[in-house]
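**Student:** Each chain, written out:
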Amino acid sequence: MLIKCHHPARELTIKGPRQVRAVLGDLKLLPETVLVIRNDTLVTEDELVADDDTIEIRPVISGGAHSLPPVASHAM
Amino acid sequence: MRCKRCHAAPVAIKLPRHHTALCAACFDRYVVDQVERAIKHYRMFRRDEPVLVAVSGGKDSLGLWDLLQRMGYQTTGVHVQQGIGGYSGASEAKTRAFAEAKGLPLIVYDLNKEYGGGVTAIAETSRRSACSACGTVKRYAFNKIGRELGFPVVATGHNLDDEAARLLGNLLRWQVDYLAKQSPALPASHAKLIRKVKPLFRLTEQEVAAYAVLRKIDYVIDECPMSHDANSLQYKAALNQLEHQSPGTKQFFYLEFLRRQPIVGAESTAEAVVLNECARCGEPTTGELCGHCRLIAPLAQTHQTESGGRNNGRADPSIVSNIPMSVDWTA
Chain W
1 MLIKCHHPAR
11 ELTIKGPRQV
21 RAVLGDLKLL
31 PETVLVIRND
41 TLVTEDELVA
51 DDDTIEIRPV
61 ISGGAHSLPP
71 VASHAM
Chain E
1 MRCKRCHAAP
11 VAIKLPRHHT
21 ALCAACFDRY
31 VVDQVERAIK
41 HYRMFRRDEP
51 VLVAVSGGKD
61 SLGLWDLLQR
71 MGYQTTGVHV
81 QQGIGGYSGA
91 SEAKTRAFAE
101 AKGLPLIVYD
111 LNKEYGGGVT
121 AIAETSRRSA
131 CSACGTVKRY
141 AFNKIGRELG
151 FPVVATGHNL
161 DDEAARLLGN
171 LLRWQVDYLA
181 KQSPALPASH
191 AKLIRKVKPL
201 FRLTEQEVAA
211 YAVLRKIDYV
221 IDECPMSHDA
231 NSLQYKAALN
241 QLEHQSPGTK
251 QFFYLEFLRR
261 QPIVGAESTA
271 EAVVLNECAR
281 CGEPTTGELC
291 GHCRLIAPLA
301 QTHQTESGGR
311 NNGRADPSIV
321 SNIPMSVDWT
331 A
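Sequence order for the protein chains is W and E. The first sequence maps to residues 1 to 76 in this note's numbering. The second sequence maps to residues 1 to 331 in this note's numbering.
So that you can see chain E by itself, here it is in the shape it has in the complex (with noise of 0.2 Å):
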């Protein structure tokens, strides 16, 4: 079969959902358009900002550096060093063969050297799940890095897979709330947030996959072995089954909600929420203290415990705003 585009290459990809079936080159400038158009439509930045990207070591992190760095923005990755075992070590690893590989700058942020302990303890001492551990500390991290080093904007990977995921969640529980805040943008609510953004969000997670593989990126493949995020594989696996018979659901379950959100009200209530700063480390949160500061007392207050009150220069909630960074300029 040869490619729909240009009719001369083999296929190397068929996407149900826009009728066609694209050779490798074609699919490349597919992904590369798919992702400017999402970036100039929410202008999410511009090429004289630097942009911090999260980058973890998979797919879609390191396709979504690949590409921004391809298209000439100026990228710095950060990487949150999770500290699970051989997962992380090869996650890190993978993500600075990468930026050494194009002399791209990278920030590691250490969980265990900052902390004093990984997701793992994190998860065990706050005694909450290791996703949502992993997720607050990751959010906090990129904001309050990306802010002190000059960073408007920092870009995740999430992909349509992942939004569409997200919001089947949200809207079978009618989180309404949450569904204010999904957006593929979201910009600076407060002095001390920078603006959040999802470049690849028009791209499904297998066309992010296939770039990667196409690009010969060498990301993580295995997953966390501490996610068992059960939920959003179920609702993936839902939708996927929908996008099997019917292709273009996942599209347009989340392009149209994106489309309609100003209508059904949700995009409203954002707007609502007030921010103050966190009683212990000033950053921004609704309640007194933040969700991070409240994370990681537990594990500061082991610590403690077991020094004799000596805190070793461990995480302790009270001086969290001081964390140093391990920064690594590669490049």
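Chain W on its own, in the form it takes in the complex (with noise of 0.2 Å):
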């Protein structure tokens, strides 16, 4: 799955069919910071993203040019 970040954009590969509440977990993110989009649509945690999708995680937090954490070398 192609996936679409900011703060810095940027995209990653992740291999899929995987769940979003796994995604997050290999970026190290907390559900509550972000919100993931799919196709326009919001994707929740419990929902599988497929090999072939590309979904955008949007940061939620205002109040700072702050970056995502590094991702780990094992999600890429």
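Possibly wrong hints are sitting among the right ones.
Claimed, not checked - Listed below are the simulated DSS-like cross-link pairs for lysine-lysine, each with C-alpha atoms no more than 25 Å apart in a straight line: (1) Lys113(E) <-> Lys138(E); (2) Lys192(E) <-> Lys14(E); (3) Lys14(E) <-> Lys4(W); (4) Lys4(W) <-> Lys192(E); (5) Lys28(W) <-> Lys14(E); (6) Lys144(E) <-> Lys216(E); (7) Lys138(E) <-> Lys4(E).
It is worth saying that the hints were derived from the structure and are not from the lab.
These two chains come separately, so use the hints to put the complex back together.
**Tutor:** Okay, structure coming up:
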């Protein structure tokens, strides 16, 4: 799957299918701090993302030009 | 998974703090209900009152403006052009596009035009952080513009996460004066002050962002490049960690504070503050000079030095009360 991230803008590739909760875990992201969007639709933590899907992980926290934490090596 | 309210449509968002999960339509009703509840409980404004909405171009402020106009309130947006390169350009463009699409009036206050420099120049000359300088200028502009154009109230897009993080910061440093002022609705405590309200205080940052996405609001996702408010972000991160482990923590923390504020005595100290009028601009202040005039004085001095004593109509603390406003009534 292709993952579009922000802060800084970049794209990652992870092997699918994989549950959103697991993808966020790979990226060390709390579900409360992001929205996961696929085809202009919100995706919940329980849903599966297929290998050929493209998702956007959009941060929701305002108040600083913060970055997402580094990506765990096994997730690449 | 089906929506736990209508049991028909698929879930769009889970709300662990409410032990529920809602479809897009039910979530929309939930958001509107929370905002209406906030407005009514604190008597923020009525439908027959004009409301000035502070709009940055981000999810919170555009989401708030969208909500208020849908709910039938009389709104006008005010956007401060901070002069921070591409970020400010994108913020203004998205704000203007939203206003034009909705047919809503928008006031654009351009710091470069009004002061001869943006946030960066003001921060550098005053030796203040960009966030501090920006906040001071914006609060001053919102109040002054609102009062002079006849708005009794200005609404900002602060959400539950913003307020909980601010409360945590104030408590960690025992800023009692700030605790006293922390409220979703500040009254007009001086003839030259208009009311300040935060109708989104019952909604989390994620809920507001989800609302903006579901409403297809084109907002600025990037954060201000000048903003490095590490403390605020650390408090939000800590609260989100707690929220993850124990859903409802942020809501309980802030809403219980509001409920207990009179009991702990924080509220009463706010009434003890005596406001004077600034010796230079006449705006309300606790000292002789207001924070705004102290802030922009070094920039005005720089312009005067560069122009050999002529200020070229730029920021001079002695004329700030006459600063013209670049009003752009887009509708």
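**Student:** Evaluate each hint against the coordinates.
**Tutor:** These are the hints, each one checked on the structure:
At most 25 Å may separate the alpha-carbon atoms for a hinted pair to count; Lys113(E) and Lys138(E) meet this at roughly 15 Å. With a CA separation close to 44 Å, the supplied pair Lys192(E) and Lys14(E) exceeds the 25 Å bound. Between the alpha carbons of Lys14(E) and Lys4(W) the distance comes to roughly 22 Å, so the proposed pair stays at or under 25 Å and holds. Proximity of Lys4(W) to Lys192(E) is assessed by CA-CA distance (about 47 Å); at most 25 Å being required, the pair is judged violated.
Restraint check for Lys28(W) and Lys14(E): satisfied, since their Cα atoms lie roughly 19 Å apart, inside the 25 Å limit. Taking the CA atoms of Lys144(E) and Lys216(E), the gap is near 32 Å; set against the 25 Å cutoff, the hint is violated. Distance hint between Lys138(E) and Lys4(E) is unfulfilled; the C-alpha atoms sit about 41 Å from each other, more than 25 Å.
Hints 2, 4, 6, 7 from the earlier list are contradicted by this structure; the remaining hints agree with it.
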